[in-house]
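A.B. asks: Line by line, the protein sequences are chains A and B. In terms of this note's numbering, the first sequence opens at residue 1 and continues consecutively. In terms of this note's numbering, the second sequence opens at residue 1 and continues consecutively.
If you're looking for bench data, these hints aren't it; they were derived computationally from the structure. Note that CB positions come from ideal geometry on N, CA and C, so glycine has one too. The reader is advised that the hints may include incorrect statements.
[Stated by the list, open to error] Distance windows between CB atoms, simulated:
| # | chain 1 | residue 1 | chain 2 | residue 2 | range |
| --- | --- | --- | --- | --- | --- |
| 1 | B | 8 | A | 5 | 42 to 52 Å |
| 2 | B | 14 | A | 14 | 17 to 27 Å |
| 3 | A | 67 | B | 16 | 46 to 56 Å |
[To be verified] Pulled a few chain B residues facing chain A out of the computed Cβ check, cut under 7 Å:
| # | residue |
| --- | --- |
| 4 | 42 |
| 5 | 43 |
| 6 | 44 |
| 7 | 46 |
| 8 | 100 |
| 9 | 103 |
| 10 | 105 |
| 11 | 106 |
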Amino acid sequence: DTAVSQTPKYLVTQMGNDKSIKCEQNLGHDTMYWYKQDSKKFLKIMFSYNNKELIINETVPNRFSPKSPDKAHLNLHINSLELGDSAVYFCASSRRGSVDEQYFGPGTRLTVT
Amino acid sequence: DQQVKQNSPSLSVQEGRISILNCDYTNSMFDYFLWYKKYPAEGPTFLISISSIKDKNEDGRFTVFLNKSAKHLSLHIVPSQPGDSAVYFCAARSKGGSEKLVFGKGTKLTVNP
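Next up, chain A with everything else stripped away, as it sits in the complex:
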């Protein structure tokens, strides 16, 4: 009965590869997010989708492409991985307009070697 799930939990890959992280929520929420927590521990928003529509797109390299096949899923595809992409990536969801109740997934630790 996991509310927000992410796969995989750990991802180790080499520079230049392309990888995807999947996120699913079973809460019936309309809005989903991707956050990045870097080595300095800052949790920064990358993207937000509402009902499959992109509503927040922070200054993120275009190597990162979110895809929302339906409102319960928000996947993150990363092309040409770089060392600096190593971080923990968190997916989250919330009801539309309820920024306070963001429910986070367990995170995906991406290591680029």
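Fit chain B to the given chain A structure using the hints.
C.D. replies: Same frame as chain A, now just chain B:
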């Protein structure tokens, strides 16, 4: 540009005593503030929030205080319990209904039995 600052990376208190976690912000457009709690290998979970029209919000053992003139908020946990040991993130939202949250770096709280 750190708009939300948590200047204490760690805090250690004895069980039963009060824990006070501090957060400062620089953006006067922030109108809603939240605290999230994070255990290792898990995503952050929402703890408590406060609107800028209030100066205090209480929920059980947790109280958040907001001092707008000082651009400062604090989270009080009393009495502290060992299960409260976690990283606490302060977050803020701008006026205008944006879904975007800005997070601080977090403070690691350790409650000793």
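A.B. asks: Compare the structure with each hint and give your call.
C.D. replies: Checked hints:
no., hint, in the structure
1, B:8 with A:5: 42 to 52 Å, "violated (33 Å)"
2, B:14 with A:14: 17 to 27 Å, "violated (47 Å)"
3, A:67 with B:16: 46 to 56 Å, "holds (49 Å)"
4, 42, "holds (5 Å)"
5, 43, "holds (3 Å)"
6, 44, "holds (5 Å)"
7, 46, "holds (6 Å)"
8, 100, "holds (6 Å)"
9, 103, "holds (4 Å)"
10, 105, "holds (5 Å)"
11, 106, "holds (6 Å)"
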